[in-house]
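Engineer: Each chain, letter by letter, is given below.
There are 2 protein chains.
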Amino acid sequence: GEEPDNTRERVMRAVLVVLRRHGYAGLSIKRIADEAGLEKASIYHHYSDKDDLLFSFLEFVLGLFEREIIQQPGRKPEDQLRELIDRATLGAERASTARNPERAGTVTEAFMIVRSQAIHDRQYRDRITEVDEQLREHLADLTRAAMDDQRQDNADHVATSLQTMMAGAFFQRTTAVDPNLDPARRDAHAYLDRHLGAED
Amino acid sequence: GEEPDNTRERVMRAVLVVLRRHGYAGLSIKRIADEAGLEKASIYHHYSDKDDLLFSFLEFVLGLFEREIIQQPGRKPEDQLRELIDRATLGAERASTARNPERAGTVTEAFMIVRSQAIHDRQYRDRITEVDEQLREHLADLTRAAMDDQRQDNADHVATSLQTMMAGAFFQRTTAVDPNLDPARRDAHAYLDRHLGAED
Numbered sequence: 010g011e012e013p014d015n016t017r018e019r020v021m022r023a024v025l026v027v028l029r030r031h032g033y034a035g036l037s038i039k040r041i042a043d044e045a046g047l048e049k050a051s052i053y054h055h056y057s058d059k060d061d062l063l064f065s066f067l068e069f070v071l072g073l074f075e076r077e078i079i080q081q082p083g084r085k086p087e088d089q090l091r092e093l094i095d096r097a098t099l100g101a102e103r104a105s106t107a108r109n110p111e112r113a114g115t116v117t118e119a120f121m122i123v124r125s126q127a128i129h130d131r132q133y134r135d136r137i138t139e140v141d142e143q144l145r146e147h148l149a150d151l152t153r154a155a156m157d158d159q160r161q162d163n164a165d166h167v168a169t170s171l172q173t174m175m176a177g178a179f180f181q182r183t184t185a186v187d188p189n190l191d192p193a194r195r196d197a198h199a200y201l202d203r204h205l206g207a208e209d
Numbered sequence: 010g011e012e013p014d015n016t017r018e019r020v021m022r023a024v025l026v027v028l029r030r031h032g033y034a035g036l037s038i039k040r041i042a043d044e045a046g047l048e049k050a051s052i053y054h055h056y057s058d059k060d061d062l063l064f065s066f067l068e069f070v071l072g073l074f075e076r077e078i079i080q081q082p083g084r085k086p087e088d089q090l091r092e093l094i095d096r097a098t099l100g101a102e103r104a105s106t107a108r109n110p111e112r113a114g115t116v117t118e119a120f121m122i123v124r125s126q127a128i129h130d131r132q133y134r135d136r137i138t139e140v141d142e143q144l145r146e147h148l149a150d151l152t153r154a155a156m157d158d159q160r161q162d163n164a165d166h167v168a169t170s171l172q173t174m175m176a177g178a179f180f181q182r183t184t185a186v187d188p189n190l191d192p193a194r195r196d197a198h199a200y201l202d203r204h205l206g207a208e209d
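Note that the protein sequences, when read in sequence, are chains A and B.
In this text, residue positions in the first sequence follow this note's numbering: the first is 10, and each later residue adds one.
In this text, residue positions in the second sequence follow this note's numbering: the first is 10, and each later residue adds one.
Since the hints were derived computationally from the structure, they do not count as laboratory data.
Bear in mind that the values here come from a model prediction, so they are computed numbers and not experimental data.
Wrong hints could be hidden among the right ones.
Copies of the same chain are indistinguishable here, so a pair counts whether it falls within one copy or spans any two.
Below, in silico cross-link-like pairs of lysine-lysine (DSSO-like), each with a Cα-Cα straight-line distance of 30 Å or less [stated by the list, open to error]:
| # | residue 1 | residue 2 |
| --- | --- | --- |
| 1 | LYS85 | LYS59 |
| 2 | LYS59 | LYS39 |
| 3 | LYS85 | LYS39 |
| 4 | LYS49 | LYS85 |
| 5 | LYS39 | LYS49 |
| 6 | LYS49 | LYS59 |
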C-alpha cells in the first residue's frame with residue numbers, strides 16, 4: 010500500500026486542479042477522487058467530511074504560499090522586498106527569480122479562491138487573518154532591515170501600506186483579464202526609494 | 010399577481026442574503042426560494058437555471074456597486090476621489106457621506122464573493138474586466154479634472170495605481186478581521202497631494 014502522507018499529497022494536488030477548473034461550488038469528493046485516481050472511500054479514510062478536507066486544503070495552500078513568500082535568508086532585504094513587489098504585480102512567471110512559474114500561478118489562484126471563502130466563513134477568516142499578520146511582520150522585518158537607522162519608526166507603516174497594494178495586485182490579477190499593474194509596481198518601488206533612504 | 014420586476018428584485022435580494030450566510034458553494038435554489046418566500050417553480054419561471062440566475066445576480070450586484078461608486082456629478086472631483094479612497098479603506102460605514110451603511114457592507118461583500126468566481130469562470134472574468142475598466146476610466150476622469158493642466162499626462166497612471174490600492178483594501182476588508190488599512194489610506198491621500206498639485 011501507499012504511504013498515507015503520499016495519499017494526502019495526491020488529494021491536495023487533486024483539489025488544486027478541481028478548484029481551478031470548477032471553483033469552490035463545483036468541488037465534489039467524486040471529482041477530487043477521480044482527479045487523484047482514488048476511490049471515494051479512500052478519501053473518507055483520511056478526511057472525515059468535505060469540510061475537514063477543505064480546511065486541510067486551506068493549510069496546504071497557506072503552506073505553499075508562505076514558502077513562496079518567505080525568501081532565502083541570504084539575500085539583501087531590499088532585494089527581497091522589491092522582488093515581492095514584482096511577484097505581486099507581474100506574477101511569478103514574469104518576476105526575475107521565478108523557479109517554477111506554472112505551479113506558482115496555480116498556488117496564487119488557489120490561495121485566492123480559498124481566501125475568498127473567508128468572506129462568509131469565520132473559521133477561514135480567522136486563519137487568513139493570522140497569515141496576513143505573519144506576512145505583515147515579514148514585510149516589516151525586511152523593511153526595517155533595509156532602512157537606515159533614522160527611518161525605522163516608519164517600517165510598520167511602509168510594510169502595511171505595501172501589503173494592501175500587493176493584495177490588490179494579487180486580487181486584480183486573479184479576477185480580471187490583463188489588468189494594468191505597472192503603475193502600482195512603479196509607484197511601490199518609488200515609495201520604497203523614498204522611504205528606505207539607502208545609499209546605493 | 011405580483012409584477013415580474015418585483016419578483017426579480019425579491020430573488021436578487023434573497024441571493025444577497027443566502028450568499029453572505031452560506032457562500033457560493035451553499036447557494037441553492039431551495040434556500041433562495043425560502044429566503045424570498047417564493048416557490049422554486051416561481052424562480053424557474055424567471056430564470057432557466059441556476060447559472061442563469063447567478064449571472065443575473067452578477068449584473069444586479071455590479072449595478073449596485075457602480076451606483077455606489079459613481080458619485081453625484083455636482084461635487085468637486087478631488088473630493089470625490091478622496092471619498093473613494095476613504096470608502097475603500099474605511100468602509101462606507103465609516104466614510105463621511107455614507108447614506109446606508111448596512112446595505113453598503115452587504116453590497117461590497119456580495120461583489121467580492123461574485124468577483125472571486127472570476128478566478129475560475131471566464132464569463133465572470135470578462136464581465137469583471139469591463140467593470141474594472143469603467144471604474145478606471147471614472148477614476149482617471151476625476152483625477153484629470155482635479156489636476157492642474159501641466160500634470161494631466163499623469164492622470165491615467167495615478168488612477169490605475171489608486172485602483173490597485175483600492176482593490177487591495179476591499180479584498181483585505183472582506184477576507185480578514187480588522188486589517189490595518191490606515192497606512193494605505195494615508196499614503197493614497199499623500200500620493201494625491203503630490204500628484205494633483207492643486208492650490209487649496
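Engineer: Now tell me if each hint is right for this structure.
Structural biologist: Going through the hints against the structure:
1. LYS85 / LYS59: Close neither inside one copy (43 Å) nor across copies (52 Å); limit 30 Å.
2. LYS59 / LYS39: Both, since 11 Å and 21 Å are each at most 30 Å.
3. LYS85 / LYS39: neither (47 Å within a copy, 56 Å between copies)
4. LYS49 / LYS85: neither (48 Å within a copy, 61 Å between copies)
5. LYS39 / LYS49: both (6 Å within a copy, 27 Å between copies)
6. LYS49 / LYS59: both (11 Å within a copy, 27 Å between copies)
In terms of the numbered hints stated before, the structure departs from hints 1, 3, 4, listed from lowest to highest.
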